[in-house]
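Engineer: Each chain is listed here by its residues.
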Amino acid sequence: MKKSLVALALMGAFSGAYAQSSVTIYGTLDAGVSRRTDTDVTAVGKRDNNKLGFRGVEDLGSGLKALFQLEIRYEPDTGVIESTTRPLFQGQSRVGLQGDFGTIRLGRGLTAFQETSTAYEPWSGMPAVAGYQTDLQVAGYTSDPLSAPGNSANRFSNAVFYNTPVIGGIFQLNVTVAAKEANGNAAIVGRGTAAAPQFTANYVPQVAPYSLSATVGQGPYSIYAAYERNAVETKLWSIGGSFKPIPALKLMASYQRQDQDNSVLINPITKAWLVGANYNIGAGMIRAGVGRKTPDNFLNSPAIAKTKQFSVGYDYNLSARTYLYVDAARKKITPAATFNYYSLGIHHNF
Amino acid sequence: MKKSLVALALMGAFSGAYAQSSVTIYGTLDAGVSRRTDTDVTAVGKRDNNKLGFRGVEDLGSGLKALFQLEIRYEPDTGVIESTTRPLFQGQSRVGLQGDFGTIRLGRGLTAFQETSTAYEPWSGMPAVAGYQTDLQVAGYTSDPLSAPGNSANRFSNAVFYNTPVIGGIFQLNVTVAAKEANGNAAIVGRGTAAAPQFTANYVPQVAPYSLSATVGQGPYSIYAAYERNAVETKLWSIGGSFKPIPALKLMASYQRQDQDNSVLINPITKAWLVGANYNIGAGMIRAGVGRKTPDNFLNSPAIAKTKQFSVGYDYNLSARTYLYVDAARKKITPAATFNYYSLGIHHNF
Amino acid sequence: MKKSLVALALMGAFSGAYAQSSVTIYGTLDAGVSRRTDTDVTAVGKRDNNKLGFRGVEDLGSGLKALFQLEIRYEPDTGVIESTTRPLFQGQSRVGLQGDFGTIRLGRGLTAFQETSTAYEPWSGMPAVAGYQTDLQVAGYTSDPLSAPGNSANRFSNAVFYNTPVIGGIFQLNVTVAAKEANGNAAIVGRGTAAAPQFTANYVPQVAPYSLSATVGQGPYSIYAAYERNAVETKLWSIGGSFKPIPALKLMASYQRQDQDNSVLINPITKAWLVGANYNIGAGMIRAGVGRKTPDNFLNSPAIAKTKQFSVGYDYNLSARTYLYVDAARKKITPAATFNYYSLGIHHNF
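For the protein sequence lines, the chains are U, D and R, in the order given.
Under the working numbering, think of the first position of the first sequence as 546, with each following residue one higher.
Under the working numbering, think of the first position of the second sequence as 546, with each following residue one higher.
Under the working numbering, think of the first position of the third sequence as 546, with each following residue one higher.
Bound conformation, chain U alone (with noise of 0.2 Å):
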């Protein structure tokens, strides 16, 4: 009855009527002072993403979960939403169920690649300047090339995410399949020419993009290999493995070939590598890596960057939740840019 409904809305929802639920709020806030020796500016920056996320599992029995998470993402240091363009939750916003058969999710996260990745560098995936992941670790890849302007470049939108259970305790399969829906990207001139752009304006993808990845770990060995192709039909596959001679020291390399030769007429196909090192000692971690980025061809016609990028870091871990930092970098874009990079902050997760 309508009556009961309101009388409920009004009364009832207020005094608990969700008192079941259960949302667990999240997020890390990292800020530091840091400095690029090409440019005169301290800046305050960041390390990691930042996020303030909202999550919850409900135990629906026989072992079945349902599952959410909407994580927002945003800078610190302005106080605005990541980019000030991004989604809300430009972290991710997903629904599922989790069971026997594994974990089945819809909506917006990390593709099946991006997220396997990110535990085979030595930055742990974070966006540092000193870090592999966006720039070498994907060969610049783009998962999302059709999306609207300042979106980010290692999501799917509108998307199924698959996770096996971990089978026979060291093996994970992850398919990541988004569906054919535009997005509202800008033109893409690509092969076309501006009067005849080869993706126009909100295009809808010819082919649904999806990734895959893989890992299998033993002991202290794991390996991963990945495949993505995204809404342009650019391809990119990756392999990695990791390593720990000793508990405190983790050792990781990887390699991955980029191909937009669907949308791009120079230089399609990059290939990119990294190797690394984590190593536990006292209160603290440190991180290093080297890595290179070549484009093919380059000698002739260097229309994407070369890259190579060697980088030290230090975590003191104030707690299990706080640490202190310091990175310094050395990073080699060629044609555009070379510089060192030297960065200072607090990584607090709550």
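Note that these hints are calculated values from the structure, not bench results.
Small disclaimer: the values here were computed from a predicted structure and weren't measured.
Any given hint might turn out to be false.
A pair holds if it fits inside one copy or across any two, identical chains being indistinguishable in the list.
For lysine-lysine, the following DSS-like pairs were computed, each having C-alpha atoms within a straight-line distance of at most 30 Å [claimed, not checked]:
1. Lys725 x Lys853
2. Lys725 x Lys877
3. Lys610 x Lys851
4. Lys610 x Lys725
5. Lys851 x Lys780
6. Lys596 x Lys610
7. Lys780 x Lys816
8. Lys725 x Lys780
9. Lys596 x Lys725
10. Lys853 x Lys789
11. Lys780 x Lys610
We have chain U; now place chains D and R onto it with these hints.
Structural biologist: This is chains D and R only, laid out in the frame that chain U set:
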């Protein structure tokens, strides 16, 4: 003293000065896969509005309570706020008092008519394509035509909301009155011309918009009547009722008439009706409905679409908070389009 | 290993890996009805800033604490974020450490001067029309003139915030220093010309903006002094004090001088003063004030407005968190407008 205030701000406040607060976080995350037969795209979309809300109630003694509620709306398939342009708290932002006199709130929220009518609609007012609320149940009416572009069609901003208590256990009256404030509309030609539009940009309403609804419920019977006039002086009245012949079955019907004579030259009158049912069976519920919307004098001047709709749906409850659903609808919008619509998804309250 | 990381992400994290976290949600929802006598509109508006915040403190041992705070600002009458264009976390976004050395934070927030001065203003720094902070107490000064359009006038972005402990129980010093970072300003002509503006779009400040405030409080007496220089090198100094002759009565006064000589040709100096009182009586509090803002050489070149204001207000406490209020103000802004202002509303902290 200033020093103690700053000391408080920096020390006390962080350590729980608001410990007495009890904010409840609640929300809905609904995502599914759908297909319209007049497009060739299988899309990830939604059946319900997606919400992330914060609300609280404070007992002031003597039966008096203070209430607040803030509700974010978002699209989980892309992570953006609803329509990317709506207010952050599109759902509602209201504060007020509740006591023996009823409930009075200020801010932004659903009008009395819009909130009442959802209880007499077989998809519970959800904006599902299979549902009837947006297009048929409100006769395509817009409560807030003078808001900024992209704003919602069924809320008042700058408003006072009053609900009586449930009188005699059966009767409730709801009143919403908005201030005559400009709210950023683009110019609307209306009965004017492009050069001299009837409603200029950021127009101040001549008469305060208002909305009234009354409900009477007894045993298995419930009826409502509602009247609303918006900022461009469109008038709408609506009546409806529901009946439960057995506890598991709810039958419902409504009729509405919209009069846009103040601002529209052709087809100013639109009438609509719907009948529907909800039937609980086992762990599930069947939803069904049929409805029609007809502008006056349609055959001679079809400026406004005529709509016929038939739809069925099924909810399978995994718990009190989570269900899976399937919807199927056939919609004939003359002269625009005729299509079937199918969707399959998960609806999770937290 | 990757597999265990994904397993964690998909299983562990959802089941409370952050259980040690304790985020406090807090906020303010203030809405009322108001009228200005120079308009014919009764509006729904606010007396205070509306906030929805998240904050936490983590005990790191040895007297050291990690702090974070994120504060959304919004307009409850329309549900939008403040001014529709400000940062999501307009209130503040800061992280830092607190210990014997005081408190140090990074991010965005009120400058030392702006935060200190609110304690010597009879409307507690609220942006009420009846209040004095925005227009008179800070002499119309803008702490952040080189931010993106719509941004707030009393915060630093990209800043470091340091507060000493309360030394000897009576003295505290507060320092805010911002990085010399560009932050998206539109071009400002200043002492240049339209063709060659003094401050180009996205200008990098020549000198790091900073703000200092010091407070001394003993028994019923409290005084402050503050100095601030912003990114266009406007300089402001301010002094003030408060005195409680009886516990229920707080008298306050302040004086400030703003020097815009670096960027303004006409009337570069503005002076302002206010006196005010708060008087607790029964469950209520009376607020009263009078103040004036005067640009130099006003009679000859009134480029900047001269303001006289008198106002009274009354808070009626329904609880420690909730009060009803009425405000009445008379404001004479020469040459712009003279009006009376009345408002009636509810203020709820959660």
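Engineer: All hints are to be evaluated individually against the structure, with a verdict given for each.
Structural biologist: Hint by hint, here is what the structure shows:
1. Lys725 x Lys853: Between copies only: 29 Å across, 36 Å inside.
2. Lys725 x Lys877: between (38 Å within a copy, 25 Å between copies)
3. Lys610 x Lys851: For Lys610 and Lys851, the Cα distance exceeds 30 Å both inside one copy (46 Å) and across copies (44 Å).
4. Lys610 x Lys725: Classified as within; 29 Å inside a copy, 49 Å across copies.
5. Lys851 x Lys780: within (19 Å within a copy, 47 Å between copies)
6. Lys596 x Lys610: both (24 Å within a copy, 20 Å between copies)
7. Lys780 x Lys816: within (12 Å within a copy, 54 Å between copies)
8. Lys725 x Lys780: within (17 Å within a copy, 41 Å between copies)
9. Lys596 x Lys725: both (29 Å within a copy, 25 Å between copies)
10. Lys853 x Lys789: Answer is within: at 26 Å inside a copy they meet the 30 Å cutoff, but 66 Å across does not.
11. Lys780 x Lys610: Close neither inside one copy (34 Å) nor across copies (47 Å); limit 30 Å.
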